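> Each chain, letter by letter, is given below.
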Amino acid sequence: GAGVSQTPSNKVTEKGKYVELRCDPISGHTALYWYRQSLGQGPEFLIYFQGTGAADDSGLPNDRFFAVRPEGSVSTLKIQRTERGDSAVYLCASSRYRGETEQFFGPGTRLTVL
Amino acid sequence: DAKTTQPPSMDCAEGRAANLPCNHSTISGNEYVYWYRQIHSQGPQYIIHGLKNNETNEMASLIITEDRKSSTLILPHATLRDTAVYYCIVRVALNTGNMLTFGGGTRLMVKP
Chain A
1356 GAGVSQTPSN KVTEKGKYVE LRCDPISGHT ALYWYRQSLG QGPEFLIYFQ
1406 GTGAADDSGL PNDRFFAVRP EGSVSTLKIQ RTERGDSAVY LCASSRYRGE
1456 TEQFFGPGTR LTVL
Chain B
252 DAKTTQPPSM DCAEGRAANL PCNHSTISGN EYVYWYRQIH SQGPQYIIHG
302 LKNNETNEMA SLIITEDRKS STLILPHATL RDTAVYYCIV RVALNTGNML
352 TFGGGTRLMV KP
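So the sequence lines, in the order shown, correspond to chains A and B.
All residue numbers for the first sequence refer to the working numbering, where the first residue is 1356 and numbers rise by one.
All residue numbers for the second sequence refer to the working numbering, where the first residue is 252 and numbers rise by one.
I should point out that these hints are in silico values taken from the structure, not numbers from a laboratory.
The structure displayed is predicted, hence computed values, not measured ones.
Hints may contain errors.
[To be verified] From chain A, some residues computed to sit far from chain B (all C-beta separations above 10 angstroms): (1) 1362; (2) 1363; (3) 1368; (4) 1370; (5) 1372; (6) 1373; (7) 1377; (8) 1406; (9) 1418; (10) 1433; (11) 1436; (12) 1446; (13) 1448.
[Stated by the list, open to error] Restraint-style ranges between C-beta atoms, simulated for each label pair: (14) A:1436 / B:317: 37 to 45 angstroms; (15) A:1368 / B:309: 37 to 45 angstroms; (16) B:309 / A:1426: 20 to 28 angstroms; (17) A:1436 / B:276: 41 to 49 angstroms; (18) A:1423 / B:264: 43 to 51 angstroms; (19) A:1457 / B:272: 37 to 45 angstroms; (20) A:1357 / B:307: 24 to 32 angstroms.
[As the list claims (entries may be wrong)] Stretches of chain B that chain A covers, calculated by requiring three or more beta carbons in the stretch to come under 8 angstroms of a beta carbon on chain A: (21) 257-265; (22) 349-358.
Heads up, the beta-carbon is just placed ideally off N, CA and C, and yes, glycines get one too.
All chains, full assembly: derive it from the sequences and hints.
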């Protein structure tokens, strides 16, 4: 079956602009996670959704970052007033339910802020 | 979640066993050991997990020491496609956020 998909695969933007990154989880997965991965480092947790609600947003670096999952499936990560330090690969993962052993990751969106 | 320590890089000859170590000396009794790997330009992929018994699946084997302070992931017959960064993660099965906390991982290079 289809895995986790993320669009766009690459996004280049200018400093100060607004961007939206989309994640389509595996159908039926209730838990959805966003991670950010800088070059040469492991992924870092940003936010976790259980259904439509953000159950844990402790990893969001500041209030320029926001994510939604209005219908409990697709999620959008929104970044306002982008900065060069936001450049990274943004990864989305889903699992069937909270506590599921395995998280299934998408290929990521590479964001470059010029 | 407990912190893990892994060597930054390792080499392995194709067809030989790859043994990837991980230290987790501060692991708690309710924390599991998980292994994920990340092939270049892809998202991480789950490999295996265990609590205290050794585990084996179609991808790998996981050996956990009796005191649970360290573990080894074994790829029995490494292929070129196993070249990746391997992450050892320890976490409770149902932590508050259920997120994964990745360290730096081990970059495994399988050579012909």
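> All hints are to be evaluated individually against the structure, with a verdict given for each.
Here's how the hints hold up against the structure:
A cut-off of 10 angstroms between C-beta atoms confirms that residue 1362 (chain A) is not in contact with chain B; the least separation is 14 angstroms. Non-interface call for residue 1363 (chain A) relative to chain B: holds, since the shortest CB-CB distance, roughly 15 angstroms, exceeds 10 angstroms. With a closest Cβ-Cβ approach of about 20 angstroms to chain B, residue 1368 (chain A) is found to remain outside the 10 angstroms limit, as its non-interface label requires. In this structure residue 1370 (chain A) is separated from chain B by more than 10 angstroms, as the shortest Cβ-Cβ distance comes to about 25 angstroms.
Remark: the non-interface label on residue 1372 (chain A) is consistent with the geometry, its nearest Cβ contact in chain B lying 25 angstroms away (cut-off 10 angstroms). The Cβ of residue 1373 (chain A) lies farther than 10 angstroms from every Cβ of chain B, with a closest approach of about 25 angstroms, so its non-interface assignment holds. Even its closest Cβ contact with chain B, about 15 angstroms, leaves residue 1377 (chain A) beyond 10 angstroms, as expected for a residue assigned away from the interface. No Cβ of chain B comes within 10 angstroms of the Cβ of residue 1406 (chain A); the nearest lies about 13 angstroms off, and the non-interface call holds.
Distance to chain B confirms residue 1418 (chain A) as a non-interface residue, since its nearest Cβ pair spans about 19 angstroms, more than 10 angstroms. Distance to chain B confirms residue 1433 (chain A) as a non-interface residue, since its nearest Cβ pair spans about 20 angstroms, more than 10 angstroms. With 10 angstroms as the threshold on Cβ separation, the claim that residue 1436 (chain A) sits away from chain B holds: the shortest Cβ distance comes to roughly 26 angstroms. Here residue 1446 (chain A) does not stay apart from chain B, with its beta-carbon only about 5 angstroms from theirs, under the 10 angstroms limit.
With a minimum CB-CB distance of about 7 angstroms to chain B, residue 1448 (chain A) fails to clear the 10 angstroms threshold, and the non-interface call is violated. Between residue 1436 (chain A) and residue 317 (chain B), the C-beta spacing of about 53 angstroms breaks the proposed range 37 to 45 angstroms. Judged by the Cβ atoms, the range 37 to 45 angstroms given for residue 1368 (chain A) and residue 309 (chain B) holds: they are separated by roughly 41 angstroms. Restraint check, residue 309 (chain B) to residue 1426 (chain A): a C-beta distance of roughly 35 angstroms breaks the suggested window 20 to 28 angstroms.
Separated by about 42 angstroms at the C-beta atoms, residue 1436 (chain A) and residue 276 (chain B) satisfy the suggested range of 41 to 49 angstroms. Our hint of 43 to 51 angstroms for residue 1423 (chain A) and residue 264 (chain B) holds, since their Cβ atoms are close to 48 angstroms apart. Here the CB-CB span from residue 1457 (chain A) to residue 272 (chain B) is close to 23 angstroms, at odds with the stated 37 to 45 angstroms. Our hint of 24 to 32 angstroms for residue 1357 (chain A) and residue 307 (chain B) holds, since their Cβ atoms are close to 29 angstroms apart.
Counting residues of the region 257-265 of chain B whose CB lies closer than 8 angstroms to any CB of chain A gives 0, so the stated coverage by that chain is violated, three being the minimum. With a cut-off of 8 angstroms between beta carbons, the region 349-358 of chain B has 8 residues touching chain A; three or more are needed, and the interface restraint holds.
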